[in-house]
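Undergrad: With chain Y's structure known, arrange chains S and U on it following the hints.
Chains as they are written, first to last, in the working numbering: chain Y, 3 to 323; chain S, 3 to 428; chain U, -3 to 285.
No wet-lab data here; the hints were simulated from the structure.
Beta carbons are placed, not taken as given, at the ideal position from N, Cα and C, and that holds for glycine.
Each hint should be verified, as a subset may be incorrect.
[Unchecked claim] Heads up, incomplete: computed chain U residues facing chain Y, CB under 10 Å, no partners named:
1. G31
2. I33
3. F79
4. L80
5. V81
6. F88
7. P89
8. M92
9. V94
10. P96
11. V98
12. E105
13. V263
14. M273
15. P277
[To be verified] Here are the simulated distance ranges between beta carbons:
16. Y/D192 <-> U/F79: 28 to 34 Å
17. S/E224 <-> Y/I86: 37 to 43 Å
18. Y/L301 <-> S/E224: 49 to 55 Å
19. U/Y(-1) <-> S/V222: 15 to 21 Å
20. U/V72 <-> Y/L19: 50 to 56 Å
21. Y/L102 <-> U/L280: 15 to 21 Å
22. Y/D192 <-> U/L61: 52 to 58 Å
23. Y/M182 <-> S/E224: 49 to 55 Å
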Amino acid sequence: MKRLYLLLSGVFAVLILLPLLLDKYVIGIFVMIFYYAYLGQAWNVLTGYTGHISLGHALYVGIGAYISTYLAQQLNLTPWVGMILGGIVAVLVASCIGFLGFRFGLRGVYFVILTIAFAEIARLVVCHIKPLGGFAGIFLDFRPSFYNLQFRGNVPYYYISLGLMAGSVLFVRLLEVSRMGRLMIAVREDEEAAQALGVDSFKYSMLAMGISAFMTALGGTFFANYVYYISPNTVLSMGLSIELILRPIIGGLGTALGPVLGSFILTPLSEISRSYFAKGGLEGLHLILYGVLAVLVVLFMRRGILLYLRRALAPVLRLEP
Amino acid sequence: MKKSTRKGFRLNRRGFLKATGAMGLATAAGGFPGLVKAQAKEILIGSIQPVTGPLAVIGQGQRRAAELAVDMINSKGGIRSMGGAKLKLLLGDSQTQTEVGRSEADRLIKEGAKIIVGAFESGTSMAIATLCEQRETPFLIDVAALDDITKKGYKYTFRIFPTSTAFAQRGVAFIKEILAEKRLSPKRAVVSYVGDAFGKTQGAFFIKHFKESGLGIDIVEEISYPLGVPDLSAEVAKIKAAKPDLLFPICRPGDSTILTRELYKQRVELMGIISPGSPGWYEPSVIKDLDKLVLYVMDNVPWIFPESPVYKEANDLMLKRHQAYLETNNGYAFTAILVVADALERAKSTDAGKIVAALRSTNFKDHPMVGDAIKFDENGDNLGATTAMVQVLPDADPLKRVKVVLPKRFAQADYVFPAPQLWERG
Amino acid sequence: MNYALLLQLTVQGILLGGIYGLIAVGLSLIFGVMGVINFAHGPMMVMGMYVSYWILVVLGIDPYLSLVLVAACIFVLGYLVQFLVVNRILDFPEAMQVLPLVAIGLILENSVLLLWGPDPRSPKTLLGLAAVPLGSATIDVSRLVAFCLAVAITGSILLFLKKTDLGKAIRAAADNRTGALLIGIKVDRINNFSFAMGAATTGAAGALLIPLIPLSPHLGHDFTLTAFVVVILGGMGNLLGALVGGLILGVAESLSTLFVPATMKQVVSFSLLVVIMLWRPQGLLGGRR
Chain Y
3 MKRLYLLLSG VFAVLILLPL LLDKYVIGIF VMIFYYAYLG QAWNVLTGYT
53 GHISLGHALY VGIGAYISTY LAQQLNLTPW VGMILGGIVA VLVASCIGFL
103 GFRFGLRGVY FVILTIAFAE IARLVVCHIK PLGGFAGIFL DFRPSFYNLQ
153 FRGNVPYYYI SLGLMAGSVL FVRLLEVSRM GRLMIAVRED EEAAQALGVD
203 SFKYSMLAMG ISAFMTALGG TFFANYVYYI SPNTVLSMGL SIELILRPII
253 GGLGTALGPV LGSFILTPLS EISRSYFAKG GLEGLHLILY GVLAVLVVLF
303 MRRGILLYLR RALAPVLRLE P
Chain S
3 MKKSTRKGFR LNRRGFLKAT GAMGLATAAG GFPGLVKAQA KEILIGSIQP
53 VTGPLAVIGQ GQRRAAELAV DMINSKGGIR SMGGAKLKLL LGDSQTQTEV
103 GRSEADRLIK EGAKIIVGAF ESGTSMAIAT LCEQRETPFL IDVAALDDIT
153 KKGYKYTFRI FPTSTAFAQR GVAFIKEILA EKRLSPKRAV VSYVGDAFGK
203 TQGAFFIKHF KESGLGIDIV EEISYPLGVP DLSAEVAKIK AAKPDLLFPI
253 CRPGDSTILT RELYKQRVEL MGIISPGSPG WYEPSVIKDL DKLVLYVMDN
303 VPWIFPESPV YKEANDLMLK RHQAYLETNN GYAFTAILVV ADALERAKST
353 DAGKIVAALR STNFKDHPMV GDAIKFDENG DNLGATTAMV QVLPDADPLK
403 RVKVVLPKRF AQADYVFPAP QLWERG
Chain U
-3 MNYALLLQLT VQGILLGGIY GLIAVGLSLI FGVMGVINFA HGPMMVMGMY
47 VSYWILVVLG IDPYLSLVLV AACIFVLGYL VQFLVVNRIL DFPEAMQVLP
97 LVAIGLILEN SVLLLWGPDP RSPKTLLGLA AVPLGSATID VSRLVAFCLA
147 VAITGSILLF LKKTDLGKAI RAAADNRTGA LLIGIKVDRI NNFSFAMGAA
197 TTGAAGALLI PLIPLSPHLG HDFTLTAFVV VILGGMGNLL GALVGGLILG
247 VAESLSTLFV PATMKQVVSF SLLVVIMLWR PQGLLGGRR
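Same shape as in the complex, but just chain Y (with noise of 0.2 Å):
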């Protein structure tokens, strides 16, 4: 285990030296891969360790989002402040769902589906509110400040993603060793027989979803003052919730590890794949490359990357098989 940790840390090191030496447009890309993958990790609490799907994720990023953005405008309360109260209405949402899904016996694919629409509907009404700004958005005022968690440059941005990003992996290699998170563990692989065992499966459950909503939004308050505007079709959008699967899914579903790898891997990808593509007339193609390598990624590997990966790498980094 010693030479994987000391991997990491040097890999850490690396993180922390790169901003001296890459430009703004680069820096961005990181940002958005340590974005993409607190946000899957964010939704792997959830769904890599207790097994239930949430497809309707984008609805804690808008929680987050929404509420410190307005709050900010509103009583010019600092979005640090305003990241914990937007955590705060997401784990009580995420507990109604919750409370909903697992008391009634949702499972499975029925589960998906209630979180799915949730957030469908979650998005068509913050469309008709119209202090949120309606269907138009929000556009954020831009008034750099650290207490305001806007920057002129991307290199705070740098700091603070990849901070997210780390305090998540080690917040969820933790979870996965303590007594908590081998009990939701336990859930994930057989909640009849956890429960036969006297796990009450159901708290774990609710534990689960009000963590995982916590950290989206806090994500989602990161997005909002970094893109300057927020939308119901950006940040509340279907699309959102799968794109922020995509990582943990091919990284490694249930690992800590997992949708860091697969963040690394698929943004670069698609930011390569667009520039190269999109010049060419042929508009698309990058969407179907993309979709082709998710299908093998799946069908060839199924535990994500990850998994694979170790393997490979177990004689060099002396890790028990």
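TA: Just chains S and U, lined up with the frame of chain Y:
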């Protein structure tokens, strides 16, 4: 002394001293980088459009028009005040997503773009505007109507397209003119709009100005429907039930066809269909698909000015290359490049501050659009921007059916109002 | 209460509902037999629309007449998808099943974009403008024809499943996969066929929609969601339920525009979905769950 038969510069002592002196002066005057910049043969302009995603048809059209403009300018000698420097477009695809638009702007700036042009869609334009303000790079918006974009006090953002307010004011004024001239007094009207950011904003502004206009027409029903809705039968049933004299629809391409066909099928009687400003009524594909049904529809849109020599030249080239004509969206994409070239001509440099100053003092008349000279106010909005009322009129060639009917000084034909009913057109 | 309006809305809702039903039948069949949620269902319908459009433009054959050909094409597409991809993921955990089908949907959608471009198209068709009065309401003939064909197709599928050997084999495989294997039913082939059939029905629905909706590559997504709602309403795996669910949804959506702005139409359908899932998850016509 024999005269040297060599032509050109003779490297004798005097010549050498002259040359060194001149170089020294130039270097001192412009600084070494300045010397290098003045020799630049290519000026890079970043063009970001939604070429994939739901707005792809418009994004692609805009990109083609921008490329056409660049080609036209280059073939005429490029930027003369900078030694004939040629313009080159760096292409970006916003994928109709805000963070992608922002990232593309960062990428194009890194690749050397001195100014960004785009991005058709208001949300993406807002994200790019903030980025350009952060990077201190000028950003010229070709098409985006939401007023808010220029309300942030950004120094680097300019827009040539009319704002939603301008749309609404001009639209109402045109309607007043038509009703006064034809001496008609309809009493009831229905406004329908697609329920997205564009539709809702256009609708809201129009309704507000309409109500304040004192025309004495009641808006008896406001009907909205989701973008991409497959079926408008319920909505048209409601329109019919409201018994309007006039219909003011704000559409996207796609719902205009089903709306019109549904109006036909349910036999909704109207004096006319006048759009307060929306796509979906002038596109070649709509003209072809709806054929007689779209005749006599009027649309209040920023449009090309058919008598403009710039328009004629550009339109001919557009028809030849792409079998498409210049209209609102690609027309403004085209014009944006012209404005950039004009600013560069006066700035004589690619320095951001100088370009911004040049843009500020723009007074550009040689553009193909209806409206006065392009001049920017302190928010970056175009004071000369205006809309025209176009109408789809009968003509053997479908590509020639959309004609400017108002303002009279730009008009190509007289308008027809009231219009024959949809089912009485043979 | 404007009775003319009410009548018009109800009639239109029923007619549209028939088409919703046809789209959902395919989804329900696929789920019933394989337990797979076909996230690419909407894009397959769009594919059917474009193939039909292409036949119309190139050969001049109206969508109603080329229906069988279109269904056959999408059948082949579905077969390929099942054979190449879906077959291999049947035993995967559910999260891993979602992704490949979403990805396939992405591939189909963008292939359409690449081949036909992003312009919405609304071609003229034979019956596109015909309408028939019914009291104070008018009935759209193309909607009526689509409705009748949708019901006919659904009916024939139901008959097929009940009466033919292949149909019974499909039902057997759906009810009890292991049992079916044991008695020698080639479940793999059944799966291939069922998925292909599900795809074909939705492709046919797409062709029927050409006179009614403008074609655009990005339509698929919304229709996938609509199909979900219908299938949950009617009961997963219950084909008659899909038709009934479609009708209910069609009418509910249509009438809801009386009370709620049309842009909130989907809130009504999704709320209906949530209520049904909580109160009666097997759907209105579903059996045990």
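Undergrad: Now look at each hint and say whether the structure bears it out.
TA: Status of the hints after comparison with the structure:
A least Cβ separation of about 8 Å between U/G31 and chain Y falls short of the 10 Å threshold, and the interface hint therefore holds. Hint on U/I33 holds. Least Cβ distance to chain Y is approximately 5 Å, under the 10 Å limit. Proximity of U/F79 to chain Y is violated relative to the hint, the smallest CB-CB distance being about 12 Å (cut-off 10 Å). For U/L80, the suggested interface contact is upheld, since its CB lies about 9 Å from the closest CB of chain Y, less than 10 Å.
For U/V81, the interface hint holds, since its Cβ comes within 10 Å of a Cβ in chain Y; the closest pair sits about 6 Å apart. Interface restraint check: U/F88 against chain Y, minimum CB-CB distance 6 Å, threshold 10 Å, status holds. Of the supplied interface hints, the one on U/P89 holds, with its beta-carbon coming within about 7 Å of a beta-carbon of chain Y, less than 10 Å. Checking U/M92 against chain Y: minimum C-beta separation of about 6 Å stays under 10 Å; hint holds.
For U/V94, the interface hint holds, the least distance from its beta-carbon to any beta-carbon of chain Y being 7 Å, beneath 10 Å. Satisfaction of the interface hint for U/P96 is found here, the shortest Cβ-Cβ separation to chain Y being roughly 5 Å, below the 10 Å cut-off. Annotation: interface hint on U/V98 holds; nearest CB of chain Y at approximately 6 Å, less than 10 Å. Hint on U/E105 holds. Least Cβ distance to chain Y is approximately 8 Å, under the 10 Å limit.
For U/V263, the shortest C-beta to C-beta distance to chain Y is roughly 5 Å, which falls under 10 Å, so the interface hint holds. For U/M273, the suggested interface contact is upheld, since its CB lies about 6 Å from the closest CB of chain Y, less than 10 Å. At about 6 Å, the closest approach between the beta carbon of U/P277 and any beta carbon in chain Y falls short of 10 Å, and the interface hint on this residue holds. Distance hint check for Y/D192 and U/F79: the Cβ-Cβ separation is about 31 Å, which falls inside the suggested range of 28 to 34 Å.
Look at S/E224 against Y/I86: about 40 Å separates their beta carbons, and that is inside 37 to 43 Å. Remark: the range hint 49 to 55 Å for Y/L301 to S/E224 is upheld by a beta-carbon distance near 51 Å. Look at U/Y(-1) against S/V222: about 19 Å separates their beta carbons, and that is inside 15 to 21 Å. The hint said 50 to 56 Å for the Cβ distance between U/V72 and Y/L19, and at roughly 54 Å that hint holds.
For the pair Y/L102 and U/L280, the beta carbons lie near 19 Å from each other, so the given range of 15 to 21 Å is met. Distance hint check for Y/D192 and U/L61: the Cβ-Cβ separation is about 54 Å, which falls inside the suggested range of 52 to 58 Å. Between Y/M182 and S/E224 the C-beta distance comes to about 52 Å, which sits within the given range of 49 to 55 Å.
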